[in-house]
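Visitor: Work out the full structure, taking the sequences as your base and the hints as a guide.
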Amino acid sequence: MDFLRPASWEEALAAKAEHPTAVPIAGGTDVMVEINFDHRRPEYLLDLNRVGDLYEWEVGEDSVRLGASVPYTTIMERLRAELPGLALASHTVASPQIRNRGGVGGNLGTASPAGDAHPALLAAGAEVEVESVRGSRRIPIDAFYTGVKRNALAADELIKWVHIDRADGPQQFSKVGTRNAMVIAVCAFGLALHPSTRTVRTGIGSAAPTPVRAKAAEEFLNAALEEGGFWDNGKIITPSVAKRFAELCSGACNPIDDVRGTASYRRHAVGVMARRTLTWTWESYRGTAARSEGVA
Amino acid sequence: MRVNFTVNGRPQEADDVWEGESLLYVLRERLGLPGSKNACEQGECGSCTVRLDGVPVCSCLVAAGQVEGRDVVTVEGLADHARQRSCGDASGTSLDEAKGWQARGTDSQTGEGAELAPIQQAFIDAGAVQCGFCTPGLLVAADEMLERNPDPTDADIREALSGNLCRCTGYEKIMDAVRLAAARQQEAV
Amino acid sequence: MPSPTPGFARAGGAPIGTPSKITQGSQTRGGIGESTLRPDGTLKVTGEFAYSSDMWHEDMLWGQILRSTVAHAEIVSIDTSEALKTPGVYAVMTYDDLPTDVKNYGLEIQDTPVLAHGKVRHHGEPVAIVAADHPETARRAAARIRVEYRELPVITDEASATAPDAILVHDNRTDHHIGHVPHPNIVHRQPIIRGDAAEAAKRADVIVRGEYHFGMQDQAFLGPESGLAVPEEDGGVHLYIATQWLHSDLRQIAPVLGLPEEKVRMTLAGVGGAFGGREDLSMQIHACLLALRTGKPVKIVYNRFESFFGHVHRHPARLFYEHGATREGKLTHVKCRIVLDGGAYASASPAVVGNASSLGVGPYNVDDVEIEAIALYTNNPPCGAMRGFGAVQACFAYEAQMDKVAKELGLDPVEFRQLNAMEQGTLMPTGQPVDSPAPVAELLRRVKAMPMPPERQWESSEGADVRQLPGGLSNTTHGEGVVRGVGYAVGIKNVGFSEGFDDYSTAKVRMEVVGGEPVATVHTAMAEVGQGGVTVHAQIARTELGVAQVTIHPANTEVGSAGSTSASRQTYVTGGAVKNSCELVREKVLDIGRRKFGTYHPAWATAELLLEGGKVVTDGGEVLADLVDVLEDEAVEVEAEWRHRPTVPFDLRTGQGDGHVQYSFAAHRAVVEVDTELGLVKVIELACAQDVGKALNPLSVVGQIQGGTLQGMGIAVMEEIMVDPKTAKVRNPSFTDYLLPTILDTPIIPVDVLELADDHAPYGLRGVGEAPTLSSTPAVLAAIRNATGLELNRTPVRPEHLTGQA
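Chains as they are written, first to last, in this note's numbering: chain E, 1 to 296; chain Z, 1 to 189; chain C, 1 to 806.
Read the hints as simulated data drawn from the structure, not as lab findings. Fair warning: there could be bad hints in the mix.
Covered stretches of chain C (in silico footprint by chain E; criterion: 3 or more residues with CB under 8 Å from a CB of chain E, positions within the stretch not fixed) [stated by the list, open to error]: (1) 470–483; (2) 672–683; (3) 732–741.
Restraint-style ranges between C-beta atoms, simulated for each label pair [what the hints assert, rightly or not]: (4) Z:E13 - E:P209: 45 to 51 Å; (5) E:D258 - C:W56: 37 to 43 Å; (6) Z:D16 - C:V76: 35 to 41 Å; (7) C:W56 - Z:Q84: 25 to 31 Å; (8) Z:M1 - E:R40: 17 to 23 Å.
Note that the structure is a prediction, hence the values are computed from the model and not measured. Cβ atoms here follow ideal geometry from the backbone N, Cα and C, with glycine treated the same way.
Guide: Structure below.
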């Protein structure tokens, strides 16, 4: 095994071009476990800790440019207003120690359906900017996850930034685990209201081979909100609408039975989370945020 | 490979490091600092918690090569770290109120005369140590939390320590210890 | 560091204290009954305490174990040639390399191969071992060993184990249970019959039946199995090891190595928790074999994945119960059948069967009982000792039954229990009278009387604090669907080794003058695993010898056996041995004093003499001499064995017999909040009341009760080793998927300690460690049932069970 220590982004790209099998390591959350437990013996480890660019973020007019290695702790503490869904998701990642080192780049690189950031990124709307010595490109989050623990990256590419739309409305994230902290998702749900476009977006984690959006549910809700004039009249969402939305979110799941939970429980739980997060975000939109938002 | 970094204020060099080794392994097996513990090696228990450039991390999840040129504080350096934080103002007076007549120990197995950080003394005094395997990681995590948040609520303590598993105590006496350390810290100010 | 001054007068010859008589130890500080602090505390908080995985030796090698990837198979071939060629590898050993004819070990039945021979019987069984210069070299070499398996059908439950054509997990059994078991795939069977349950059932106004399932729990001690074996010049080996019982290890290790026991020296290294999981051997023999083979020190440290395969677990169980009661709420009879899955090797299964059966009715007064408990041999992971040892599984089931009967009768569940609670004098199902206090009704009364935690603590002016809600940080509810429930349970656990086992401990105590002060040294082989035995030993020595300074000698095999750190027995039995040896030392010291100074003062001959504050005093408080002057250069030393009162085996047909030493009782009240829609549980409070006889160290006692309580909660709501029923392979051997409660899952645990002396035990004490693990689980389950209205016949209960999505 060789340990590559690029001091800059350019050096990192060059190293990845030269050694396409090199495994990038930043927070170490996934890679080190695989090494410690002898599940993986990469030929090269590509350390990204010294690449300062990856730890930077910039809040723009419409979106946030988030470095792949910005720790979850920083997202929770510094970007709560701009990226509320991702900040909530970050707060559920593993433990304080892990949140101090891990960043969104790791979640995207591993592309596990259980990664906590995915539902929030899907719901908020994001683009992943990847780069190689050949150049850079922006991959829409919807096209990023290509299979179980597979993503759209080419062998010589590294994740540099994630461009996430700044919240234009309330966002929520909810995750089921069988422990009250430090737990991998049995399933997770992210919801973002986008009043500027009068749309909603969703994200579902751990309930399908990849993170997915519940598109039918979004379409249904978009239409129902429009039809009822909800965006303007700020009425309480009709229970039947919430119920149908929840059913459609459940229906978007394609889960399996495993040690963490049954497929049928995952479908059920996604429905409950969909209904609850819709209530919380909508109540917040209607202006009663203080009553409905969780604090921690 | 060779790795140079600072541990508890002292420069250290480790040679012939296998590239897959963790910081935890290097500390324990190469630098003679086994205080950080190897309970799960998957970031789930917090027993290996150290501060890397000031930030609590699981040293089992840090590749040895990643610490090149960086600064690490382990449980072995916690007392010094705490002393430096209090700017040479020996944290002693409130500690003398430690309950029990042998807080510093008079038995053979005690580290006699050891100078302790307030959080270390509080763990002893509150009965928060049983087998002690989780203790080093908890101490590093709790000390850092009290540095950030000197007056934590119970929920704050629980959240800050939620990455550190303990199998012996049921956590109640750990809660007592952190509350005690916080109270003593407040008195000392 | 100078010792603190004992707090009473030192003036020579002057009376001290009050005129009333004083008793031994009453004037010396730091003795029993005080919350003295751990002698190893400072080392543990500074990181200097040397655990078994911290051992290091110049030039040492690393051992690695190759384990079976399948649960049940014939081994067709093993090819180690590639592994041996790996640079940095010093040795590769298989069954064929074992040095003697003794190739198996085991606590009671020697059925466990040191390395697999011809067959593997469970997933993760050791097949070969490697020593190399770096752990990674050893791992790579182990991966190059080629093992060809021919897979066999797996036996995973009672039906497959006892089917007419079932493959025998062990052929040609010769152990002492084979004569009385109905099938060779049953390790041991213990029936208990007292009265006439069938006849009594006719008096019952209600009869309640239930079938329960208890999952496989892991001890999950945080310090992984590890140790260092150092070859010695005389051809022997010195093993630094984390274990629960040095001498039991020694008895099993030496014959395999072909060494006399005196050439296998064992020193206890720091133990990172145990809870039963270190009662069996793990890497001990492997490290010694490699050290002797290579002539170099060999260290083995399991990682967490391997640890799940490296020790036995708590027996999963199926339990079938029938309870009958009259309309007035008196139990008429109990019938039960308890099927424990012992897995591939016997370990402690026979004794677990003894406990499950004899304690199977719980702390209740029932004259007519019919009990049967068995342990199976299967291809599942081997199961053995874990805190609570057979009593835990039974308590989960009988307490669920007690709630069901109470509900059927329309009675309050606590009152119904109190109506049937055993008392001093009650006969156990085994016919053994309970001959010390049994405050079962009182413990229930106490937990019920504790103030209830306030409702909706999660509400704040800023919204809901998710950290205090089910789901916690995962932000699943802000109060929606959350329902509170309350449940009660009480349990009974035996203390000490039962059924005729010669359960003794040895203590060597020495008293001498060091640096002008009398110092006592206590040397036992007791495994300090975190419980605080070393604290208590020092307290006992202070009380019995009246000194301030006590040195606890490292535990090793240079002194006689202290028995196991299990069965809540160490304070009782090794504590008893320390007390006994101290008393013998005291007598010798007084004899020396009489010899030297007897002619100077008549009190030497006539008065009751005590050692207090480093002096010989009369029970009237008169100081006769300073211990420094009595002892001068002389050291007084006693090594003696001490036994609790004997027990007898249970009759194999009726289960009758005075099989237990002592009983220990605890009761819990659980308060939970359940998110009924998502099936997530937050335990708010687990209040415990326990009788400890006498709290030698109140701080440690409470710590034991809280720790035991949380382990009981773990098996109620999250902890379970999941074994694939088709392959018998472990599906979740990691801390990612075997979940332990975090501090955010943990409720407040108020403890009410009752001290009703047991006159048979030293100081009246009662074993503490296990009882709280029993009643915690059923109390939590009862509270969840109370919140949800669901029946819930299995534990742990997972979200899918609470939402009908299992």
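Visitor: Work down the list of hints and note, for each, if the structure agrees.
Guide: Hint check:
By the rule of at least three residues with a Cβ nearer than 8 Å to a Cβ of chain E, the coverage given for the stretch 470–483 of chain C holds, with 11 such residues. By the rule of at least three residues with a Cβ nearer than 8 Å to a Cβ of chain E, the coverage given for the stretch 672–683 of chain C holds, with 5 such residues. As drawn, the stretch 732–741 of chain C meets chain E at 6 residues by the rule of a beta-carbon pair under 8 Å; at three or more, the given contact holds. Judged by the Cβ atoms, the range 45 to 51 Å given for E13 of chain Z and P209 of chain E holds: they are separated by roughly 46 Å.
Separated by about 40 Å at the C-beta atoms, D258 of chain E and W56 of chain C satisfy the suggested range of 37 to 43 Å. At about 39 Å, the beta-carbon gap between D16 of chain Z and V76 of chain C stays in the expected band of 35 to 41 Å. Between W56 of chain C and Q84 of chain Z the Cβ separation comes to about 29 Å, which falls inside the hinted range of 25 to 31 Å. Separated by about 19 Å at the C-beta atoms, M1 of chain Z and R40 of chain E satisfy the suggested range of 17 to 23 Å.
The structure fails none of the hints (numbered hints given earlier).
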